[in-house]
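Spelled out from the first residue to the last, the chains are:
2 protein chains.
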Amino acid sequence: MNQHPDYLLNKISSPKDLKKLSLAQMEQLAQEIRTLILEKDAAEGGHLGPDLGIVEATIAYHYVFDAPKDKIIWDVSHQTYPHKMLTGRAYGWLDPDRYEDVTPYTNPEESPYDYYAVGHTSTSVALATGMAKARDMLGKHENITALIGDGSLTGGLAFEGFNNAAIEKGNLIIVVNDNQMSIDKNIGGVVTALKKLRDSNGQSPDNPFTAMGFDYKYVSDGNNLQDMISAFRAVKDINHPIVLHINTLKGKGYQPAIDNEEAHHWVLPFDLKTDKTTVPAPKTPNATTTVIDLLEKHIKNNEKILAINAAIPGVFGLDVIKNKYPENYKDVGIAEQESVTFAVGAVKEGIVPILLENSTFLQRAYDQLSHDVAANDLPVVMVVANGGITGGSKTHLGIFDNTMIANWPNWEYLAPTTLNELKSMFDWAVKQRKHPVAIKSPVTPVPEGEVVDEDYSTIHYDIKRGKQVAIIGLGDFYQLGEKVRKLLADHSINASLINPKSAAHLDVEALNDLKKDHELVVTLENNSLAGGFGEKVASFYGPSDMKVMTFGEKREYTDLESVASIYKRNHLTPDQISKDILDVLHQ
Amino acid sequence: MNQHPDYLLNKISSPKDLKKLSLAQMEQLAQEIRTLILEKDAAEGGHLGPDLGIVEATIAYHYVFDAPKDKIIWDVSHQTYPHKMLTGRAYGWLDPDRYEDVTPYTNPEESPYDYYAVGHTSTSVALATGMAKARDMLGKHENITALIGDGSLTGGLAFEGFNNAAIEKGNLIIVVNDNQMSIDKNIGGVVTALKKLRDSNGQSPDNPFTAMGFDYKYVSDGNNLQDMISAFRAVKDINHPIVLHINTLKGKGYQPAIDNEEAHHWVLPFDLKTDKTTVPAPKTPNATTTVIDLLEKHIKNNEKILAINAAIPGVFGLDVIKNKYPENYKDVGIAEQESVTFAVGAVKEGIVPILLENSTFLQRAYDQLSHDVAANDLPVVMVVANGGITGGSKTHLGIFDNTMIANWPNWEYLAPTTLNELKSMFDWAVKQRKHPVAIKSPVTPVPEGEVVDEDYSTIHYDIKRGKQVAIIGLGDFYQLGEKVRKLLADHSINASLINPKSAAHLDVEALNDLKKDHELVVTLENNSLAGGFGEKVASFYGPSDMKVMTFGEKREYTDLESVASIYKRNHLTPDQISKDILDVLHQ
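Which chain is which? The protein sequence lines are Y and C, in order. Under the UniProt record's numbering, the first residue of the first sequence carries the number 1, and numbering increases by one thereafter. Under the UniProt record's numbering, the first residue of the second sequence carries the number 1, and numbering increases by one thereafter.
It cannot be assumed that every hint is accurate.
Any copy will do: because identical chains look the same in the list, a pair fits if it lies in one copy or spans two.
[As the list claims (entries may be wrong)] DSBU-like mimics (lysine-lysine), calculated; alpha carbons at most 35 Å apart, straight line:
1) K467 - K579
2) K434 - K169
3) K169 - K19
4) K515 - K568
5) K140 - K304
6) K140 - K322
7) K236 - K324
8) K304 - K434
9) K486 - K515
10) K304 - K236
11) K579 - K515
Keep in mind that the hints were calculated from the coordinates and are not lab data. Bear in mind that the values here come from a model prediction, so they are computed numbers and not experimental data.
Let the sequences and hints guide you as you build the complete structure.
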């Protein structure tokens, strides 16, 4: 039920309605939008700081421009709650029963005011430049705007976009939303450049935008609605590329989000009175705390460890390392390519770099992990988080890391089945100084398990020996294998259960040995099947009589679908798997 | 035999020997180096312009600094012939019998003066920054230098590197080698920024480097040896990051290379008197000319075609399009990420973007082709060149494109077996406006073939029907399949031969139908086996009695190994394949 039937927002079904309002009414709207963001985020979690900071700019944009004919591309699109509320989707905030009806990122399937599904940073300027070029080729005349945060500016694609945008011939408006933050504190020379511009009220001659040939305007208070309206009016229908640099306050309207911006970039459900999360703390130890403990252990042991991440310390709980061991910590900003190539430089000089990467963003560094790391066969260590099936947006899926990492020459990609195995793999990865090693951090909870101390230079499978059927459960899907094994036992099948340890290298001897008394090998992996681990096993057994069944996710995108539903559609429940196995055995 | 026993260069076995020379002697050395570059390139082909332009800077560097303790990272490393000659490898130019003994890119296996195998651009600053950080952690004190060309500056990783380099605390020297060219004419806002600096003799306040916080120095004639020595002396042992911007002349010392820089960036063997190539022109029509003809046909047909490439028009012969149809042509500079995301912007607005990408550099755009294109399921068209086994450097291998493209959801990856099939696939890709489609341009020559006009929305295999064994020859390896089929016929095996057309989608009906009277399916693909086409077929047949053998390249890097040798080691000759097949049939 609509919690705020009295809100002015109820009368805004599209930006057209906005254009009838007075400034005072729009300021009231800004208040309403902020309240709604806080209420829904408190109930459900979501992006907070970026949305609170962009309220006035969004209202001003839709007041001045004529979307969807005029087009705005929101970088990352994690700041589009106000945009969504003003473009016919306010119900998704007004009515808790409809919270789920509006998705968190821009979504062209949801609204004609959204142009792309976007969740990775730094794409907006390139997208807008392509649209501007196309508009000119087609003889059309609408305004094309990209809105990019200062955090996203550090990503290389943003720069490539600016480099090309600078020489476009027609209308192109690039709003640099400068809130002095990426997810964590912003990093690097770009910070310096933007600070000079803010400190000089946009007048500093040291201006990287005008250096590249852009026209440039500065708005000192991007949260002042009247100023933003004037600024947008001044650039509307402009006939050349311009950078509109606006200074905004991330988290504006909610003091805890201003005081601690990183913790309020994205929030779990929380109590609006205390700002405390209402979600119970995750059980410890878990994979995240284990990795942090391992980093600390090796740093304390005076090994030359450098923990490197690209603007996502929160994903790994890296604040401990950052605060206690700043010399052993490097955040390169939103710049995954840099994180890897920087690590290559460090490892060559004798440091042990530990890359901490999120599976979905890892895609950004594909070439660096291949050309810079693999072709040079350097012992970079990498921990991959969220590499598996999750219920996230289709822009944030992490189901392709087996396909990337396990197919490059020279890389080892280890997948632990327990926390103690994670420790063993990490210790070995740091100690061996021969090849690049990545570790797939478990996505589903894994048990602590028995203490292990193993050399993974050559992969030797752990086998609970049975016969007829062998189940190979990779990483956190090993436990799924255990469940399947139990179900098969009910059918008098004493299946073997195997921990393969590696997504990249097969234990050929063990696999050959299975041929003696097994007729079917089943692989389970928490990854896309396409190009993954199972296909390698199937290919290995191809010329033999052994049958192989591969379980994992189909080649598909899922979008905010529950994990249970994804599992079911992909035949990944123990019941489905055992039934499928029995079907093949009896065919 | 040494062709120039009289050269001073014979006395330089390491940079130490260089330090004893007078300026006049070093100028003589510069002449010798230029002559040798021209002589070897004329005989063998190789990079020309970049090496001719960097002679003085290289001599000055090794005169002033103390390599290999002091370290210089050469971006792309296509300008390191002078560096190699001064670091004990002059024999690779002096003696034609030893031309093959020195490799074209930096190579740590070849010399302690080379630190990385590098062939992709824009990595040097990130590498040097990682090295500088490691040096400081280890309490060492050497000079770390990156040398990056203005062309490489347009790559996003370069910018990410600069952004982090700017905040390093210790010694870090970044030489921006500004020759006003990438491979083709340089592109974008960076051009504008550098021009302002050159035109003002480094004095323009519009300085993107100082804006980011760098110290900055300018050398107006980077081909003046004395000036370069002075400049390097001034920055040696500096205690903070500095950008040393040097203005050099690409191709200096060879007028044709100055007059037409793009054509002389990299050259085939040529006649020094006439500058004409001594290599016979490739037979036409071939895959390259076919793609150009197709582009021209669709442009003339007034379809809204935009041919997009990232600074490699020469690879595709795109000069024709650039000159005749400038409105339908876009070179984004060395910026593969931008090429793709720009295309996404254009296609969304109703243009048909045709990306022309080199398989090895395509890796740079992995995330854009996944997150920006695939997750949005937009009908971008892409032609992939050099996707297959070649005899190139390990930094330039193109054997991973099946593994990348055919494993993303929504992408189709077509592989033509003839030039007419290439036409049919291209025409369909442009016409269908539903999904992203890539085409694997043949690497080995393919015949013209019969005219085809097909809809590839659903893949239907072309089958020359036999029995017992089915050979599936993907793309340019179809002809290999034909040869194998003939050899099997000598053993009374009437094998089926299949053109599968797609690396991404299987014709399930056809594959199931083979089960009736075939016991073995053989896949042939010009790609790495890991994550490739064959593994998909093996996985498909996994639960059945069908045996599968997959042929392609092992998961490995090759480095300047001949194609014949790579084929042989990987059992890719018709004789080896047919023997392997017979072995499995008789086992």
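Hint check results:
1. K467 - K579: Classified as both; 18 Å inside a copy, 33 Å across copies.
2. K434 - K169: between (51 Å within a copy, 30 Å between copies)
3. K169 - K19: within (30 Å within a copy, 51 Å between copies)
4. K515 - K568: both (31 Å within a copy, 29 Å between copies)
5. K140 - K304: between (58 Å within a copy, 13 Å between copies)
6. K140 - K322: between (50 Å within a copy, 23 Å between copies)
7. K236 - K324: Classified as between; 34 Å across copies, 49 Å inside a copy.
8. K304 - K434: Answer is within; shortest intra-copy Cα gap is 16 Å, inter-copy 51 Å.
9. K486 - K515: So K486 and K515 pass the 35 Å test inside a copy (22 Å) and across (33 Å) alike.
10. K304 - K236: Classified as between; 27 Å across copies, 54 Å inside a copy.
11. K579 - K515: both (22 Å within a copy, 23 Å between copies)
The structure meets every hint from the earlier list without exception.
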